[in-house]
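Asks: Hints given; two lone chains; assemble the complex.
The listed protein sequences derive, respectively, from chains A and B. In terms of our numbering, the first sequence is residues 1 to 143. In terms of our numbering, the second sequence is residues 1 to 365.
Heads up, a few of these hints could be off.
To be verified - Restraint ranges, calculated between C-beta atoms of paired labels, are given here: (1) B/200 / A/92: 18 to 28 Å; (2) B/205 / A/30: 36 to 46 Å; (3) A/39 / B/248: 48 to 58 Å; (4) A/98 / B/47: 20 to 30 Å; (5) B/290 / A/97: 24 to 34 Å; (6) A/121 / B/11: 28 to 38 Å; (7) A/137 / B/29: 53 to 63 Å; (8) B/328 / A/39: 33 to 43 Å; (9) A/121 / B/252: 40 to 50 Å; (10) A/86 / B/37: 20 to 30 Å.
Unchecked claim - A few chain A residues that don't get close to chain B, going by computed Cβ distances all over 12 Å: (11) 30; (12) 48; (13) 58; (14) 117; (15) 138; (16) 142.
Please keep in mind that the hints were generated in silico from the structure rather than gathered at the bench. Source: prediction; values computed, not measured. The beta-carbon is built from N, C-alpha and C at its ideal position, and this holds for glycine as well.
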Amino acid sequence: MSNTASPSATATPTPAAASAEAAAVEKNWTEVARLDSLQPGVPKIILVAGKSIGLIRDKNQVHALLNYCPHAGAPVCTKARVSGFVGTDSDGNLTYNEETKVLRCPWHHWEFYLATGLPVVKTRGRLKRFDVRVREGVVELVM
Amino acid sequence: MSLIDCDIHFAPAHKEEWLPYLDEPYRSEVNQFGPRVISSGVRWEDGGNRWDTVLEDGRNGALDVTAMRDQLLDVYGHRLGLLTGINTWHAGQPDGDYAAAICRAFNDYTLAHWTSADERLYTGIHVPNLDPELASREVERLAGHPKIKCVFLPATAGRTPLGNPAMAALFKACAKHGLPLHLHPSTTVMIANGSTIPTGMARNFLQIHVCIPQFYMSDLVSLVLEGTFEKYPGLKVMFIEGGICWLPHVLWRMDKEYKALRQQAPRLKRLPSEYVYDHVRFGTQPLEEPDKPEHLAQIFNMIQADRIVVYSSDYPHFDFDEPSFLPKTLGETTRRRILHDNAAELFGLPVPAVSEEKTMEPASR
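For reference, chain B alone in the conformation it holds in the complex (with noise of 0.2 Å):
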């Protein structure tokens, strides 16, 4: 089965490789003090990569397309690897300018070094996500570009619930130029803002981890009762990383609040939920794990996974999921919607045509 992986980290060996692709004076800045970098009290093992990743040289594979391949593309099946990169070095920058030139090197450094090293391999957009306007303008500048196929946004990205219409200049380029606005947690980020977890820094990884569906709950939550889809019709958000089994809750909870409090978002047309399933898709990864398998299989039928969710692996990190953990009870439809086409449909792929219902298979015993 065709796969299209939505989240595959990697990194630059050594600054030397991105390095001349950055502006001056940040250039210069960098070569002589190295990227500016916030950073915290958290524990990373090995940068939080599988330690199978790294090379018998010590380097880890996502410095290397090569291993790469070795060790993901060429053992799944992928049609589509989408590059996630980094967003150590530049998110959360409060200095736009500085971030806006990093993130200009940083996709410019990717379009060279990888997406041209395989057919297989695409990327987005990175873009300064304090600053909504220099962001658009990141988008500009690489919109069509036949490797980009989205606009990556590290969540949560600012300081404001994200449908703040201060986002306007970014959801309006992302919408006018098709490209899904896609979100990743960044650990990075949520120091910048003081709030590791909702309620504020996490004592670890492994809180911060368990509690990003709060932040995706809460970005969601505003997206949609802001209006953001009725301002921004072609406008298609997609939350990685964050697991998937809180969604019947905030879904089911936002339709049954705004039947009470509807004039607190005149700008709904329908019920929130149905703006999440024509605009949202989120990542399997990491894919919760209950005691009983037939639970899981239960909440992907409750949120219609075969509408909204995609494939995500997280390569190299250590949280990486294979396309088999999957609930073992899915119909062949819904996997191979899952795995492909619900992806394909988002980047402006062919989906191959079949006959089959489109609906969510009952999970069976």
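Pulled out of the complex, with its shape left as it was, chain A reads as follows (with noise of 0.2 Å):
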């Protein structure tokens, strides 16, 4: 049995989060950073309405998470390390997994999904998102 969290495996929209986009088109989407200054991987720390937030870019998309970690309340994003996702296959051969994304606290080393910002390992809490979008090269967020 397994004790870790699945990671989200993003799928076919359903109609609830089809009504969510429509929803989040009425956000107020701010102006954040350009994509191109964001290097894959390496956290980059900005401050939004007095929140200090991670944008996290990985290929050309870019997830934003609020710097604190559930577990002792440490800037979570800030010299943070990104990777892929270490494990095994059904025969029990370790894997490694570029395409799940995890980020690990610079303090304690526990790792989150980037995708949900949920833990690897079952624990109370996860990592704080917002969403985010990139439009023509910038990247927006909604508070």
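Replies: What follows is the structure in structure tokens.
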């Protein structure tokens, strides 16, 4: 039995997701960075509306996370490490999944899935994520 | 609240800082070939450090006293920070003369470059752990220095249990000068002993780190049941970086088995646990994190943490604990004793008089 939480599998949009997307059109998007200013896998810390937020680029997608670790309150994005997922296949062979990115807190090195903010090893709490979009090379988010 | 931190790591930024303190012929040797290193397949990520302590120029904060102030001393209100250094170079070296020379150099370097740089910083005496006689000479050389507060021994110290009478010279020197013996895990020493966990060589650091209390159980049992504290009534011992939750088990089991097998520990005059309460102190870090925080508070209560637990941060390592990691339900008196008073008494510092009772408050929910 696995003791790890599953990464979010992005999937076909559900009706609820479609509805959320429609609602997002009405959100107040704030321009926060240019995509080409973000180095893949290297968090950039920004301050928006008094909140410290980590922007993490994965290819041409950007994740925005509150810079606060639910474990011990560390600034979880500041000098965090981002990598693929180390695991095993069904035969027990070691695997490295480059597509499933995890962020490791700089203090205690706990792992969180970048796509969902959920901890890799079950524990209380998760990283708070913000909605992000990239339009014409500009990164925007909703607080 | 004033804070005493019993485990702060640091290292020279480069060998030229400490090399002038090393005696010949070893200075020439290290200059030409580098320090003798005992290593293995243990995976270290940036030295096992917190990644946020890496400075803009790529150096780690523990190489720089200014960074240490910014990242630690000025953040948490340290009254005293005990610099435990590193023991990678000398710990476990089978050549006692070499190990003694490296220890002397590192001790002198620490006093000249670090403890003199900030009034809050103190340190202890590194000693060659496989040669108690040479170790005791180094204690004699530096005991009495105002910035020296203890004697460091990498754990597990050698190839015999810690209470072995072969350690007599070191115990005697520590007791004579009132310097606690400060045990800190050393993966290097474990590798040198061919046993990174009690049953052999572990696969990786995760397994080593989890099993440190097993070494500490063995060493604590050996120290107590050998009658070490009857032989050296002035001796105090600190177990650092082993956590605390293993203590109820070992204290209860020692007391129970002693009642039946006392004839095998004839030097003892009291229950084994009583020697622990009087002579041994345990660092908080890495503090266990049960799902229900009240369980941790209950263990603090079981072991009389207000008497025997001291705070240690382990800065800048990845398993660093802030002072706020203590259970929220601990009473103010207990919290103060763990964060300050217990270590102050151990290091001979004044403890502010308070009228509150010293016994452990029951954990409230």
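Asks: With reference to the structure, classify each hint as holding or not holding.
Replies: Here's how the hints hold up against the structure:
1. B/200 / A/92: 18 to 28 Å: 22 Å, holds
2. B/205 / A/30: 36 to 46 Å: With Cβ atoms ~42 Å apart, the hint holds.
3. A/39 / B/248: 48 to 58 Å: With Cβ atoms ~49 Å apart, the hint holds.
4. A/98 / B/47: 20 to 30 Å: 26 Å, holds
5. B/290 / A/97: 24 to 34 Å: 31 Å, holds
6. A/121 / B/11: 28 to 38 Å: 30 Å, holds
7. A/137 / B/29: 53 to 63 Å: Since residue 137 of chain A and residue 29 of chain B have Cβ atoms about 57 Å apart, the given range 53 to 63 Å holds.
8. B/328 / A/39: 33 to 43 Å: Once the Cβ atoms are compared, 39 Å apart, the range 33 to 43 Å for residue 39 of chain A and residue 328 of chain B holds.
9. A/121 / B/252: 40 to 50 Å: 31 Å, violated
10. A/86 / B/37: 20 to 30 Å: 27 Å, holds
11. 30: 26 Å, holds
12. 48: Holds: least Cβ distance 21 Å, greater than 12 Å.
13. 58: 19 Å, holds
14. 117: 19 Å, holds
15. 138: 27 Å, holds
16. 142: 27 Å, holds
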